[in-house]
Amino acid sequence: MEKIQIMYHSDELEKIKYTPDGKGDWIDLRSAENVTLKTGDFKLINLGVSVKIPDGYELIIAPRSSTFKNFGVLQTNGIGVVDNTYCTSKDILMMPVLAMRDTEIHVNDRICQFRIQKNMPELEIMEVENLEGEARGGFGSTGIQ
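In my numbering, the protein residues as written are 1 to 145.
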């Protein structure tokens, strides 16, 4: 079993729990600060934790499925990729957001989630003149339904 170390930067923050339930194995992260945003505002939201993940792994941060509905914010980098060298007490996890409406986020609101995954294996890049296989019809070709 792999282990990660968590350092909390606030006594107010609820502790991180890993409770896979068969529906998913992402781990919720919470806002460590109260934030008021107007439409169009950008903010790096402090998540109040630093982590040390195992060598050979990376941590992926993504919004929860309810984040936009509940708070009207988009994570501006789509997903955040944290490598295992971002691991000191001063390396605090953040979530960059853009407000699409006026909103408030409070301490302990669950705004994003993370998981760790193994780094990509070492690859050799090979240039070729042609790729074989059956063409799928181009980007977006699978239709709406």
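The hints are simulated quantities; they were obtained by calculation from the structure and are not laboratory data.
Incorrect hints may appear among the rest.
Said to hold, decoys possible - Below, simulated DSS-like cross-link-like pairs (lysine-lysine); rule was C-alpha separation at most 25 Å, straight line:
(1) K17 / K118
(2) K38 / K17
(3) K52 / K90
(4) K52 / K69
Cross-check of the supplied hints:
no. : hint       : result
1   : K17 / K118 : holds (21 Å)
2   : K38 / K17  : violated (31 Å)
3   : K52 / K90  : holds (11 Å)
4   : K52 / K69  : violated (31 Å)
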